[in-house]
Amino acid sequence: MISHQGWDGIREAMNRVKLKEAIDAIERHFATLRVGQSAQQEHIFTEEEVRRYAERYDILYPGSYLSAQGELLVPPGMVFMRPAATFGIIDTEAPPQARLGIYTQAHRWYFRPVYVGHRVLFDGEIIDTYERRGFFYLAVKWAAKDEDGEVLAKGEEWHTLGFVRKP
Amino acid sequence: MADGNVSNRLGHEITGAVKIAHMPPDAGAVHDDRLAKSAGLEGGYIVNEYHFAQLTEMLLEYFGPRWLTNGEIEVKYIAPLLDKDTFIPKARVIGEEPPGSGRLNLEIWCENQHGQKLAVGRASCLAPEG
Chain C
1 MISHQGWDGI REAMNRVKLK EAIDAIERHF ATLRVGQSAQ QEHIFTEEEV RRYAERYDIL
61 YPGSYLSAQG ELLVPPGMVF MRPAATFGII DTEAPPQARL GIYTQAHRWY FRPVYVGHRV
121 LFDGEIIDTY ERRGFFYLAV KWAAKDEDGE VLAKGEEWHT LGFVRKP
Chain R
1001 MADGNVSNRL GHEITGAVKI AHMPPDAGAV HDDRLAKSAG LEGGYIVNEY HFAQLTEMLL
1061 EYFGPRWLTN GEIEVKYIAP LLDKDTFIPK ARVIGEEPPG SGRLNLEIWC ENQHGQKLAV
1121 GRASCLAPEG
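First to last, the protein sequences are chains C and R.
So the first sequence is numbered by our numbering: it starts at 1 and just counts up by one.
So the second sequence is numbered by our numbering: it starts at 1001 and just counts up by one.
Because the hints were derived from the structure by calculation, they are not lab data.
Be careful, since some hints might not be right.
What the hints assert, rightly or not - Below are the BS3-like pairs computed for lysine-lysine, each with C-alpha atoms no more than 30 Å apart in a straight line:
{"#": "1", "chain 1": "C", "residue 1": "K166", "chain 2": "R", "residue 2": "K1117"}
{"#": "2", "chain 1": "C", "residue 1": "K154", "chain 2": "R", "residue 2": "K1019"}
{"#": "3", "chain 1": "R", "residue 1": "K1084", "chain 2": "R", "residue 2": "K1117"}
{"#": "4", "chain 1": "C", "residue 1": "K154", "chain 2": "R", "residue 2": "K1076"}
{"#": "5", "chain 1": "R", "residue 1": "K1117", "chain 2": "R", "residue 2": "K1019"}
{"#": "6", "chain 1": "R", "residue 1": "K1037", "chain 2": "C", "residue 2": "K166"}
{"#": "7", "chain 1": "R", "residue 1": "K1037", "chain 2": "R", "residue 2": "K1084"}
{"#": "8", "chain 1": "C", "residue 1": "K141", "chain 2": "R", "residue 2": "K1090"}
{"#": "9", "chain 1": "C", "residue 1": "K145", "chain 2": "R", "residue 2": "K1084"}
{"#": "10", "chain 1": "R", "residue 1": "K1090", "chain 2": "R", "residue 2": "K1117"}
Unchecked claim - Far from chain C, by Cβ distances over 12 Å, these chain R residues were calculated:
{"#": "11", "residue": "E1013"}
{"#": "12", "residue": "A1017"}
{"#": "13", "residue": "Q1054"}
{"#": "14", "residue": "T1056"}
{"#": "15", "residue": "Q1116"}
Glycine included, C-beta positions come from ideal geometry on N, C-alpha and C.
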């Protein structure tokens, strides 16, 4: 029979293997990223999605998010391009510690209200990649436009690839 | 030179709605206590989108609809917000930028129940009407 200490040792060893796999996956993916690399996405914010966001982040909806004509608006916090989801590791075989990551900084500008149910087109581009204190970072700039090409919002996001630190 | 609507607001301190943060049920790996600890973090923490949602909510309350067409916000996340922590968004009007533009410049931050700053940054927008 294996003692508690034995199980702890096995768990720790398994964890070390998982973390090594996660760091390897992050490093492999990081090496493929290039400044200037771009991506486009389109999205229609549905009322259900917006209400879920409001519930999740504890904001009153629709509250102030109504146009003068009474149309539902999208809270500004929802309008951005997700760096890790767009340019990160989406391989579901990679350990969870390698997927998504941590937001470290954001800079956003808003020019026009975004309406629920309207199509929004996102253009994003990698503007920097770097390694700092064991984390691999991705910086992305983006712009969100309506179907007429009018800019609704733009921003810059700094995000880590995964949330495991290289030793 | 700043008009009355701007100069009257310089130095204003704003406190947004105080909330008790809660971990969403489908928060994802980095917010899972066990996975976060396995990666050497102190534990699962509330997604930083929460800070952003609350800060922009406070700014919309202050600036009104102008925030949706003129707002600018810059945030650096500096410390984790933990489940059941108190979350307090704050701002202070520090100037008009560029001078004479009617655009207010604010220092913004949020803190927990211990007074520890969780995120810091700045925001700007045309001064509220009236």
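Evaluation of the provided hints:
Under the criterion of a C-alpha separation no larger than 30 Å, the hint pairing C/K166 with R/K1117 is consistent with the structure, at around 26 Å. This hinted pair checks out: C/K154 and R/K1019 have alpha carbons roughly 28 Å apart, not beyond 30 Å. At roughly 16 Å between alpha-carbon atoms, R/K1084 and R/K1117 fall within 30 Å of each other, so this suggested pair holds. Distance check on the hinted pair: C/K154 and R/K1076 sit about 17 Å apart at the alpha-carbon level, within 30 Å; holds.
About 15 Å separates the Cα atoms of R/K1117 and R/K1019, which keeps this hinted pair within 30 Å; it holds. Between R/K1037 and C/K166 the CA atoms are separated by roughly 15 Å; this keeps the pair inside 30 Å, and the hint holds. For the given pair, R/K1037 sits about 18 Å from R/K1084 by alpha-carbon distance, which is consistent with the 30 Å threshold. Our distance criterion of 30 Å between C-alpha atoms is met by C/K141 and R/K1090, whose separation comes to about 27 Å.
Annotation: proposed proximity of C/K145 to R/K1084 is violated, straight-line Cα distance about 37 Å (limit 30 Å). Of the supplied pair hints, the one linking R/K1090 and R/K1117 holds, its CA atoms being roughly 10 Å apart against a limit of 30 Å. Chain C leaves R/E1013 outside its interface by the beta-carbon criterion, the shortest separation being 21 Å against a cut-off of 12 Å. In this structure R/A1017 is not separated from chain C by more than 12 Å, as the shortest Cβ-Cβ distance comes to only about 8 Å.
The claim that R/Q1054 lies off the interface is violated: its Cβ sits roughly 7 Å from the closest Cβ of chain C, which falls inside the 12 Å cut-off. Separation of R/T1056 from chain C is inadequate, the least Cβ-Cβ distance of about 5 Å not exceeding the 12 Å criterion. Taking the minimum C-beta to C-beta distance to chain C, about 17 Å, the non-interface status of R/Q1116 holds against the 12 Å cut.
In summary, the numbered hints that this structure violates are 9, 12, 13 and 14.
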